[in-house]
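Below are the chains, spelled out letter by letter.
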Amino acid sequence: MYQDVILDHYKHPHGRGLRDGDAEVHHTNPTCGDEITLRVRLDGERIEDVSYEGQGCSISQASASVLNELLVGKEVAEARKIQETFLELMQSKGQIEPDDAMEEVLEDAVAFAGVSKYPARVKCALLSWMAWKDATAQVLSERKTA
Amino acid sequence: MTHIPGLLDTDAIRKDFPILDRVVHDGKKIVYLDNAATSQKPRQVLEVINEYYERHNANVHRGVHVLAEEATALYEGARDKVAAFINAPSRDEVIFTKNASESLNLVANMLGWAEEPYRVDRDTEIVITEMEHHSNIVPWQLLSQRTGAKLKWFGLTDDGRLDLSAIEEVITEKTKVVSFVLVSNILGTVNPVEAIVRRAQQVGALVVIDASQAAPHMPLDVQSLGADFVAFTGHKMCGPDGIGVLWGRQELLEDLPPFLGGGEMIETVSMHSSTYAPAPHKFEAGTPPIAQAVGLGAAVDYLTSIGMERIAQHEHALTEYAIKRLQEVPDLKLIGPVTAEDRGAAISFTLGDIHPHDVGQVLDEQGIAVRVGHHCARPVCLRYGIPATTRASFYLYSTPGEVDALIEGLEHVRNFFG
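First to last, the protein sequences are chains A and B. So for the first sequence, the numbering used here puts the first residue at 1; every next one is plus one. So for the second sequence, the numbering used here puts the first residue at 147; every next one is plus one.
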């Protein structure tokens, strides 16, 4: 479960800290007390920044770091596809062995495949991704109403 | 092998618990240190439950056939056993529920619907403490929201005890009910019952005690506690899950209204109104958890055969040893009293910056079962500014060898994340 990639992101997180954003969300995982505050800044359709602050286990923290590395700079549509692929992997109960195509989409995030075997930890891995999805939806819906 | 005076003959006791021989994760013998969450069950209890279903199963209190009579005798016999176990003045003061949460909710609802002098309403106050399990917080929050009564609580000292320094301002003439935990499930603290009961009685408030972490581990005498209600659960004391107990003083059970209505709790029913059966049946609507009650009776027999004093002594000795060993682990901080005095065998701690979920996961890889999180006592974590803790909790079958395994396991955790 604790792949070196995960431990590395945990010990040296990417993009940690809160910076300016277009929307901010706060998500928690009540079973273990993981928390994340996450901001998304968009430039048109491009994700300019995902900044975050939180506390939690190595899985939740490393996952946020991987998210930042993977999504910043991407178009929202592509990021959504990555998020959906990650969700599919995490909900696979250890049944999906990531192939090359999946690895190309998920890059470092494939390291979390092993976590999907531990039902209690899946939520930890998904916390930041759900927060990102929520924050992005907020930015887009505010744009619509503006 | 570490020799510690006061320990039980765990070699013999462990033979009663087949699950303790489980091997997990490719050859690791399980070290079960999650007893505050639930205890394991001895064969003596499992066999009684099995025999109940194989030979005596029927609904209670209504059939005229032999199985119904046997089932009723076994169910009511379990009530006798529990009454003796807690030194209740009368067997009719023992109400079976499904767990301690239901017991506490039952009291809160009795008081919410009661007439004077028990009624909790907007001019009155409810007192709890900051170290309660959520099951002794939320029912009172609900009662407070529904009635307008003010909810107050005792805070905690830095060393994990109740801060009773302002007891006269917290428990006042307006206080209708004081509900608190006897032994904290997260801090391990054993609370000073006498001081709280004395003040509550001065102002005429009812006293409710959550004994979920006490009943399994020490002699419990409801008469010497001096409370009005005592709640606990079966599955933490070698019994099955699905069975809890609410003990209440007889005159209160006579005066207070029922909460759940249904079969079994009535005397006569017409389409306009009903009269109720006397306690305890008044509070046991519907088919009760029969096999579970019978199993709890067997658990009480089992614990009594070993002796609650001896169990308390064993756990005290083990807690003293565990606290000493845990304090040798670098960066480990105990959350709760740092001595074994007035303390139960649930020990919470943090380990540097390593998140408890990671501690628990890496311990699990070594076969060591602990609980991580906020233990349904989130206000305690907020009070001490921590997201969660790791908790090791012991029982009558726990050994110094298992404490040593935990210490080694924690060293491994530190190296892994260091």
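Please note: incorrect hints may appear among the correct ones.
Said to hold, decoys possible - Residues of chain A placed beyond 12 Å of chain B at every Cβ, according to the derived structure:
1. Lys-11
2. Ala-23
3. His-26
4. Asp-34
5. Ser-51
6. Val-115
Said to hold, decoys possible - Pair by pair, the computed Cβ-Cβ distance ranges are:
7. Pro-30/A <-> His-211/B: 42 to 52 Å
8. Arg-265/B <-> Lys-81/A: 38 to 48 Å
9. Thr-37/A <-> Asp-477/B: 23 to 33 Å
It is worth saying that the hints were derived from the structure and are not from the lab. Virtual Cβ for every residue (Gly too), placed ideally from N, Cα, C.
Under the constraints set out in the numbered hints, which ones does this structure not fulfil?
1, 4, 6, 8
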